[in-house]
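Protein chains in written order, with this note's numbering: chain A, 5 to 141; chain B, 5 to 141; chain C, 5 to 141; chain D, 5 to 141; chain E, 5 to 141; chain F, 5 to 141.
Hints are computed from structural coordinates only; laboratory data are not their basis.
Watch out, some of these pointers could steer you wrong.
Pairs involving identical chains hold if they fit within one copy or between any two copies, as the list cannot separate such chains.
What the hints assert, rightly or not - Mimicking EDC-like on lysine to aspartate or glutamate, the simulated pairs with C-alpha atoms at most 16 Å apart in a straight line are:
no., residue 1, residue 2
1, Lys124, Glu50
2, Lys104, Glu33
3, Lys69, Glu130
4, Lys102, Glu73
5, Lys36, Glu73
There are 6 protein chains.
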Amino acid sequence: MMTSCFRFSFSAAHFYQQKNWSAEKNKNEFGKCFSQYGHGHDYVVECHWLTTVPQQQTELNQLTKSVREIFDHHHLNFMFHEFSDKVPTTENLALLIKQKLEEASKIKPQLATAKLLNLKVYETPEIWVEIDNQSLS
Amino acid sequence: MMTSCFRFSFSAAHFYQQKNWSAEKNKNEFGKCFSQYGHGHDYVVECHWLTTVPQQQTELNQLTKSVREIFDHHHLNFMFHEFSDKVPTTENLALLIKQKLEEASKIKPQLATAKLLNLKVYETPEIWVEIDNQSLS
Amino acid sequence: MMTSCFRFSFSAAHFYQQKNWSAEKNKNEFGKCFSQYGHGHDYVVECHWLTTVPQQQTELNQLTKSVREIFDHHHLNFMFHEFSDKVPTTENLALLIKQKLEEASKIKPQLATAKLLNLKVYETPEIWVEIDNQSLS
Amino acid sequence: MMTSCFRFSFSAAHFYQQKNWSAEKNKNEFGKCFSQYGHGHDYVVECHWLTTVPQQQTELNQLTKSVREIFDHHHLNFMFHEFSDKVPTTENLALLIKQKLEEASKIKPQLATAKLLNLKVYETPEIWVEIDNQSLS
Amino acid sequence: MMTSCFRFSFSAAHFYQQKNWSAEKNKNEFGKCFSQYGHGHDYVVECHWLTTVPQQQTELNQLTKSVREIFDHHHLNFMFHEFSDKVPTTENLALLIKQKLEEASKIKPQLATAKLLNLKVYETPEIWVEIDNQSLS
Amino acid sequence: MMTSCFRFSFSAAHFYQQKNWSAEKNKNEFGKCFSQYGHGHDYVVECHWLTTVPQQQTELNQLTKSVREIFDHHHLNFMFHEFSDKVPTTENLALLIKQKLEEASKIKPQLATAKLLNLKVYETPEIWVEIDNQSLS
Numbered sequence: 005m006m007t008s009c010f011r012f013s014f015s016a017a018h019f020y021q022q023k024n025w026s027a028e029k030n031k032n033e034f035g036k037c038f039s040q041y042g043h044g045h046d047y048v049v050e051c052h053w054l055t056t057v058p059q060q061q062t063e064l065n066q067l068t069k070s071v072r073e074i075f076d077h078h079h080l081n082f083m084f085h086e087f088s089d090k091v092p093t094t095e096n097l098a099l100l101i102k103q104k105l106e107e108a109s110k111i112k113p114q115l116a117t118a119k120l121l122n123l124k125v126y127e128t129p130e131i132w133v134e135i136d137n138q139s140l141s
Numbered sequence: 005m006m007t008s009c010f011r012f013s014f015s016a017a018h019f020y021q022q023k024n025w026s027a028e029k030n031k032n033e034f035g036k037c038f039s040q041y042g043h044g045h046d047y048v049v050e051c052h053w054l055t056t057v058p059q060q061q062t063e064l065n066q067l068t069k070s071v072r073e074i075f076d077h078h079h080l081n082f083m084f085h086e087f088s089d090k091v092p093t094t095e096n097l098a099l100l101i102k103q104k105l106e107e108a109s110k111i112k113p114q115l116a117t118a119k120l121l122n123l124k125v126y127e128t129p130e131i132w133v134e135i136d137n138q139s140l141s
Numbered sequence: 005m006m007t008s009c010f011r012f013s014f015s016a017a018h019f020y021q022q023k024n025w026s027a028e029k030n031k032n033e034f035g036k037c038f039s040q041y042g043h044g045h046d047y048v049v050e051c052h053w054l055t056t057v058p059q060q061q062t063e064l065n066q067l068t069k070s071v072r073e074i075f076d077h078h079h080l081n082f083m084f085h086e087f088s089d090k091v092p093t094t095e096n097l098a099l100l101i102k103q104k105l106e107e108a109s110k111i112k113p114q115l116a117t118a119k120l121l122n123l124k125v126y127e128t129p130e131i132w133v134e135i136d137n138q139s140l141s
Numbered sequence: 005m006m007t008s009c010f011r012f013s014f015s016a017a018h019f020y021q022q023k024n025w026s027a028e029k030n031k032n033e034f035g036k037c038f039s040q041y042g043h044g045h046d047y048v049v050e051c052h053w054l055t056t057v058p059q060q061q062t063e064l065n066q067l068t069k070s071v072r073e074i075f076d077h078h079h080l081n082f083m084f085h086e087f088s089d090k091v092p093t094t095e096n097l098a099l100l101i102k103q104k105l106e107e108a109s110k111i112k113p114q115l116a117t118a119k120l121l122n123l124k125v126y127e128t129p130e131i132w133v134e135i136d137n138q139s140l141s
Numbered sequence: 005m006m007t008s009c010f011r012f013s014f015s016a017a018h019f020y021q022q023k024n025w026s027a028e029k030n031k032n033e034f035g036k037c038f039s040q041y042g043h044g045h046d047y048v049v050e051c052h053w054l055t056t057v058p059q060q061q062t063e064l065n066q067l068t069k070s071v072r073e074i075f076d077h078h079h080l081n082f083m084f085h086e087f088s089d090k091v092p093t094t095e096n097l098a099l100l101i102k103q104k105l106e107e108a109s110k111i112k113p114q115l116a117t118a119k120l121l122n123l124k125v126y127e128t129p130e131i132w133v134e135i136d137n138q139s140l141s
Numbered sequence: 005m006m007t008s009c010f011r012f013s014f015s016a017a018h019f020y021q022q023k024n025w026s027a028e029k030n031k032n033e034f035g036k037c038f039s040q041y042g043h044g045h046d047y048v049v050e051c052h053w054l055t056t057v058p059q060q061q062t063e064l065n066q067l068t069k070s071v072r073e074i075f076d077h078h079h080l081n082f083m084f085h086e087f088s089d090k091v092p093t094t095e096n097l098a099l100l101i102k103q104k105l106e107e108a109s110k111i112k113p114q115l116a117t118a119k120l121l122n123l124k125v126y127e128t129p130e131i132w133v134e135i136d137n138q139s140l141s
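Use the sequences and the hints to build the structure in full.
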């Protein structure tokens, strides 16, 4: 099984807040991650695609860049309705990036048979989450 | 000449905006860096200290960590009065970090003779600014 | 399947020696790794946990740090009874780190359902061992 | 399941060209990758071996170095008959490296039971291909 | 003194050959670096500019990218008349990159006062050359 | 001014201890760095040489490798008489590496005019010392 793999980075702001919690409880649970305006990260994303046609690599590279544009230089809490009631943790962000990558591949006829096998989202070089789809392939 | 060197990272949010410019002009000049809520980075800072007493390294390491706390997990535009009328570019941020490092060293008697010789602030691994004080030593 | 992943580093000393071999045979087999006092490495460890409860990430982060303390700034040959009769190769060290991580998770009620899926121990950035538990999940 | 993993780098030149295409079509399809003399990369390769005998790590390290020598400081298009009629894309290069690694292991009696489980070939740190053999293990 | 610093990478092929030497002498002197078609590298370049006007950073970033294009995806020996009689060592390449950067800055009116203070060209992450112009500033 | 720069790594063990201090005082001053057997690091060293003859790079590369051998896979406290009465801090280690590099260059006639301008010794990627000889050049 051969996969095509891409790594990209984007710069975004976020903060952690449960809206139905008090400020005190938010502070206790989330520490420095809870604040009014947020802080930011240079997120790093890795995605592995199972492809059946060799020519798909150029298409996948363009798709990767287009999904990067959706997130780059934005504030996750204020600019994404998905995070109006969900905390933008790395886990929730990974699920949203996965959704955006798969949506983008479905509207490209040339990528009809491509499958996103694995996705990593790094909060820092020391902490990240990984979504593995291999069992479904 | 021997220097003690430290590298640290902090996560912060920022945006570029000249308040006396129109939104259109800000957009033209600053592109994606201009926005209402901002985006974020994992800034990396390197500082080189000229020390005269070998025991100063532990003191300098603590000082470095205390200055990191000033910036980590904050929004540069909203949380620092220095950026109420100045754009938080990497150049301006570097000048502020230099000021905070030198202020912190002056209030520690054991660091009276330490001198900040060189400071680098990385916006990304590919673009950074460097302040060199060697000519003054 | 989503996993929470952590990378940490610790500094330790070790040497290779089979006690029932002659010095000459140890030298022939282990080369520079055989010596009386040892040498050292900044080991890097990556661990992947399968978690079922989102709140487990903070717990896992603390657990990771506590296991790091067990090994950091120690001499593997002299300070671990496990290496009194086993050579502290990267393979044997990986098995011991795996045991310590799993022991630490079992005594935390909040981590009862967490499972260590994958562990990497880097001897250098170019050589490492990986223990994969996915087939058991 | 424990695997022994090795990372190595080699410097090689290549260009993309379909010989039965016109220069114009090659230029349109391959862009800057199509040229008469080629350009070059410092390729990075990662290989994971499943081993049953602990002593195999030294053997595998030597084998890895010998396969590196086959590719290092060569021009892929001119020095490998495999690329006389195939474009030296990262995918095709990965298949050739896999073949060379497996051939090299088969002629070493001590590596009779070693199995190449996973191979990554990095064109750049941001784009790579991965060959996964785990399903066959 | 504040400098604006940029790091970029380009992929090129080269080989070492003194045309007035025999193949045997070239082989003895240059080892694997001597060959008919060459090999390649992902060169990394760092440049430090002394600027007097804050707005110059965007201009310098564009200039850096334009000089990168001169070298990227080319064969140094065949595509640069400067290397028709000079060996494309890292030293000679650094001198040519310096010349191209300074030529590009002189034709931009906005960069009339910018000065290239320091240039590093990395052959590998372990070996590089550095040109320092600080004494002239 | 052009310099030839080299980076190398070696693995060594060490501990911090002032022999004329009590165990308690050593523990208070040096924390985890004080112990009976020591711990270890993969030290990274960078050295910059000012050379006047282009052919010196190969010589300098060999010299660098020979000095690396002096330190690699050794215990600094037990194997170097220089550390019998001096604590092997990064500062003291840097001074010893500088001495060994300069001694090695003086016995090579081809390196008579080479000068060690700058030396960095990294204890970790975040903390290092730098010795700068430029003022003497």
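A quick look at each hint next to the structure:
1. Lys124 with Glu50: both (5 Å within a copy, 14 Å between copies)
2. Lys104 with Glu33: neither (29 Å within a copy, 27 Å between copies)
3. Lys69 with Glu130: between (24 Å within a copy, 12 Å between copies)
4. Lys102 with Glu73: Within one copy, since 14 Å is at most 16 Å while 33 Å is not.
5. Lys36 with Glu73: Classified as between; 10 Å across copies, 27 Å inside a copy.
In this structure, only the earlier hint numbered 2 is contradicted, and the remaining ones agree with it.
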